[in-house]
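Participant: Quick note, the sequences are listed as chains A and B, same order. Numbered by this note's numbering, the letters in the first sequence go through residues 1 to 281 in order. Numbered by this note's numbering, the letters in the second sequence go through residues 1001 to 1470 in order.
Do not rely on the hints blindly, as some may be mistaken.
Pairwise CB distance ranges, derived in the manner of DEER restraints [claimed, not checked]: (1) A/Lys13 <-> B/Glu1369: 53 to 63 Å; (2) A/Leu76 <-> B/Arg1333: 41 to 51 Å; (3) A/Ser9 <-> B/Val1199: 30 to 40 Å.
In silico DSSO-like cross-links for lysine-lysine, where the CA-CA straight-line distance does not exceed 27 Å [claimed, not checked]: (4) A/Lys260 <-> B/Lys1344; (5) B/Lys1037 <-> B/Lys1097; (6) A/Lys41 <-> B/Lys1037; (7) A/Lys29 <-> B/Lys1215; (8) A/Lys41 <-> B/Lys1011; (9) B/Lys1181 <-> A/Lys41; (10) B/Lys1347 <-> B/Lys1008; (11) B/Lys1014 <-> A/Lys3; (12) B/Lys1363 <-> B/Lys1347; (13) A/Lys41 <-> B/Lys1347; (14) B/Lys1269 <-> A/Lys260; (15) B/Lys1257 <-> A/Lys41; (16) B/Lys1052 <-> B/Lys1070; (17) B/Lys1182 <-> A/Lys41; (18) A/Lys231 <-> B/Lys1181; (19) A/Lys7 <-> A/Lys231; (20) A/Lys65 <-> B/Lys1257.
No wet-lab data here; the hints were simulated from the structure. These numbers come from a predicted model, not from an experiment. In this text, a Cβ means the ideal position worked out from N, Cα and C, and glycines have one as well.
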Amino acid sequence: MFKILQKQSLAPKVDMMVIDAPYIARHAKPGNFIILRLNEKGERIPLTIADSDSEKGTITILFLKVGKTTESLGMLKKGQRIRDIAGPLGHPTPVKMYGNCVLVGGGIGSATHYPIIKALKNAGNNTTMILGARTKELLIWEEKLKKHADDFLIATDDGSSGRKGFVTDVLRDVISQKPVNLVVAVGPIRMMRAVSELTKPHAIKTIVSLNSLMVEGTGMCGACRVTIAGKTMFTCADGPEFDGHDVDFQELENRLSFYKEEEAEAYRLFMSRGSRGQGFK
Amino acid sequence: MRHRNPIKRSKDFKEVALGLTEKQALKEANRCLQCKKPLCVEGCPVEINIPKFVAFVKEGDYLSGLKKIKESNNLPAICGRVCPQETQCEGHCILGKKKRPVSIGALERFLADYEITQDIAEPPKIMPTNGHKVAVIGSGPAGLTVAADLAKLGYDITVFEALHEPGGVLLYGIPEFRLPKKILRREIDYVRSLGVNIVVNWVVGRTQTVDELLKEGFEAIFIGVGAGAPRYLGIPGENLNNVYFASEFLTRVNLMKAYDFPRYDTPIKKARRVAVIGGGNVAMDSARTAQRLGAEKVYLIYRRSESEMPARREEAENAKEEGIEFYFLSDPREISGDERGWVKSIKCEKMKLGEPDTSGRRKPEPSGEEFSIEVDQVIVAVGQRSNPILVRSINGLNLWGDGYITSSRDGKTNLERIYAGGDITTGAATVISAMGAGKRSARAIDDFIMGRTAPQPQTPEPPQNQNKPQ
Ligand SMILES: Cc1cc2nc3c(=O)[nH]c(=O)nc-3n(C[C@H](O)[C@H](O)[C@H](O)COP(=O)(O)OP(=O)(O)OC[C@H]3O[C@@H](n4cnc5c(N)ncnc54)[C@H](O)[C@@H]3O)c2cc1C
Ligand SMILES: Cc1cc2nc3c(=O)[nH]c(=O)nc-3n(C[C@H](O)[C@H](O)[C@H](O)COP(=O)(O)OP(=O)(O)OC[C@H]3O[C@@H](n4cnc5c(N)ncnc54)[C@H](O)[C@@H]3O)c2cc1C
Ligand code: SF4
Ligand code: SF4
Ligand code: FES
C-alpha cells in the first residue's frame, strides 16, 4: 500500500499527488513511469513520474481525469492509500550534452517534461520549453518549468496566453531562428506526430514519449506494442521514448481506440454509481 | 478421469476435470504392477517414488501416500493437474507398452485433493532459523520451490515479484478451468506459512538492483523470472486491432479478471469468430478461453500435424470436445483488416510434412496452396522468449540463445552467489521442470552458504534446451 502524502488540483480535470514510495523515488530517472492499481478490481494504468525526491522517498504524479481509473484516483484524498504501484519502469531519457534542446509539451505532457528539462539543463544544454494548451487555465507547472528553461514559450488554441496557435507553429519559428540539436515532444499523439513531421526534413533528432495501452508494464504481454522503423517494439520495455521519425503513429492511434466502447461503458457505470462509493470496492 | 459435460463447461470457467472418485482411485492403484525397476520414475523430472505412493493408495493410507509424494514435490495438487504425464511418468509406465498406463497424475491429484477436502494438512517441519538471508526473484513454480525448500532448512527468505500477486504463469497464464486459483492460493499460503516473505510490485532490476540486494545482506540470489515475453509471427497485420498475443489475452482474463468486466475494470474484446495460432498449451488455453468468453467459432491453426502438437494431450482432447476446430499443417501468412484497422480475415498456406528437423519432428514445408478464414479476432500463441528487464540489468551474466541465463544443472551461473532456474534458463518448459530446477538450486545454495562447496562459480554446462518449437 502506498500512502498519498499530498493532493492538489492543478487545473480543471488535472490533479497532482505526492506519494510515499521510497524505493521507486531512489531509482526514478527522467522519462520513467509507474504502473498503479487502485484496488482489488482495478485496472493497471501507467503514469509518468513527474518528479521525485529520493531523500524524502516520494514520487509525484500528475494525471488528467479521462476515464474510470483516473477519475477514481482523483477522488482519493491525502492520507488514503493506493494498493499497488510498480516502478520505475521504462528506459530513462538519454541525458547528455546535445547543445540546443527544445522541449515541446502538450496538455498534461508538458508537466511530465519537468524531470527531463531539469536534467538536460543540468547537463549543460541550452533549453527552450514550448508549452501548449487549449486555454490559459490548462497550463500547468508553468513556474516550475520556467526555472530550467532558457527560453520559455507558450501557445494556446484561443490565444488566452502566449501565442495563439499550435506548439508546432512556435517550434517552426524556433527552428528557423537557431540551430536545434534535439527536440523532445510529450503530449497527444497528433501533436507528437506533427512535431516529428516538422523536424524530419531538418534532420533534427526528435524523441517522443508514447502512451500506448499497457497491462503489466514489464515486457511480458505485448499489449503496448508499437511499430518503430518497421519493427515491433514494446513501449514499456523498449520505450516509452522512441525516435519520432521512426514511429508508426497511425497504428498507435488506431490501437489506442481499441477499447473505446468498454472505456465508455466503464465510465458511464462509474459516473452513475461510482461517485456514491460503489465504484470503489 | 471424469470431466464435466463439454457443452456446459465451455460456457464457464469452472474446472473441467473432476478427478477420480475413491473407488476409481483404488481400481487405478490396483492396476500398478509395483515394478522392481519402475520406469515411470525415470519419466518424472523430480523422481517421485511412484510405486510407493501408489501402494499407499492401494492400502487406503492416503496421508502416507501424499507424504511420499511431498518428499520430492511440494505442489502435487498443481502437478497432478498440469504435468504432461503422457510424455513423463505415464509415458514411461510399463503398462503403456501394451495398453493404458497407470493414471499416475490423476492419482497424485486425488491424494492432494483428499488432503484439501479433508483439511488435514500436517504442519511442515521447519528447522530453527539459521540467520542466513536468500533472495528469490520471481514467484513462479521455480521461485516458490526454492523459497519453500530453503525456508524449511531455516533460511530467511524474501521472494520479490514484479506483479501485484504471486504465482507466475500458474496465476496469469494457466486458466481457472484447468487450475483453480484457490488451489494456487493454498499452495502460496503454504509457502508463506513456512515464514517466507513475499514482496509484490517489486520489479528487480528497476525497483532495486541485484547488486543492491547483495549489499543488503542477501547471501545468495535465485533468479526464476520465467520466459514470459511473447514471440511474434512476423507477418503483415499482426498489430491490427483485435490481434492479441496469447500472453496479453490470458493475462487480461486470468490476472485482471477481464471476463468479469465491468465488475472488474480491465476490459477484453469478446469476439465472434476467433483464430488461435499455435499448438502448445498456451494455444489450447487461449482457444478454450475465447470459447468461454462467448465466441461462436474458434479455430486453432497449427503448422505441423496433430501428432507433433506440444500441448498436453488431455487438453487437446478437451478442446476438441468443446468444439474447437483444428486446422493442422496450416501456416499463417497474413492477417487482413478492414478500413478501420480491425481484423477481418486470416490467410494461411497449406503445409506438407518433409524430412525430420533437429527436434526429430518432420518439418512442415510450404505447398503453395493458400486458404483464408473470416475471423474478427486472432490470438498468437507461437511461443515465449525471455523478458529482458532483469537479465539486462545484471552486468557480466552469461546468456545463451534469445537472452536465457546459462546455468548448470544445480542452478549455478557464471556469477558468484547468483543462481537461476526454470524457464529463464531453459526457454519455455514445464511447471515440474521449473520445480525440479528449484529443488536442485535450493540444495546448491544451501551447500554454498553452509560452506560445503567451493564458493567459486563453476563453468556452467551447456544448456539443455527444452524449448519445443510450436
Ligand atoms: C508511459 C505512459 C505514461 C503516461 N503518463 C501519464 C501521465 O503522467 N499523466 C496522465 O494523465 N496520463 C498518462 N498516461 C496515460 C494514462 O495511462 C491513461 O490516461 C489512463 O490509463 C487512463 O485510464 P482511465 O481508466 O482513467 O481511462 P480509460 O477509460 O481507460 O481511457 C480513457 C482514454 O485513455 C486512454 N488509455 C486507456 N488506458 C490506457 C493505458 N493503459 N495507457 C495509455 N492510455 C490509456 C485511452 O486511449 C482512452 O482514450 C500515460 C500513459 C503511458 C503509456
Ligand atoms: C498459458 C500457459 C499454459 C501452460 N500450461 C502448462 C501445463 O499445462 N503444464 C506444464 O507443465 N507447463 C505449462 N506451462 C509452462 C509453465 O507454466 C512454465 O514452464 C513454468 O511456469 C515456468 O516457471 P518459472 O518459475 O520458471 O517462471 P514463471 O512461472 O514464468 O514465473 C516467473 C515470475 O517471475 C516474475 N518476474 C519476472 N521478471 C521479474 C523481475 N524483474 N522482478 C521480479 N519478478 C519478476 C514474473 O512476473 C512471474 O511471476 C504453461 C505456460 C503458459 C504460459
Ligand atoms: S510430478 Fe508430474 S511427472 Fe512426476 S509423477 Fe507427478 S504427474 Fe508425473
Ligand atoms: S511403471 Fe507403471 S506399473 Fe510399473 S511401477 Fe510405475 S506406474 Fe506401476
Ligand atoms: S505492457 Fe505488457 S508488454 Fe508492455
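Participant: Going through the numbered hints above, which ones does this structure break? Give me the numbers in ascending order.
Facilitator: Checked against the structure, the hints that fail are numbers 6, 10, 11, 13, 18, 19, while the rest are satisfied.
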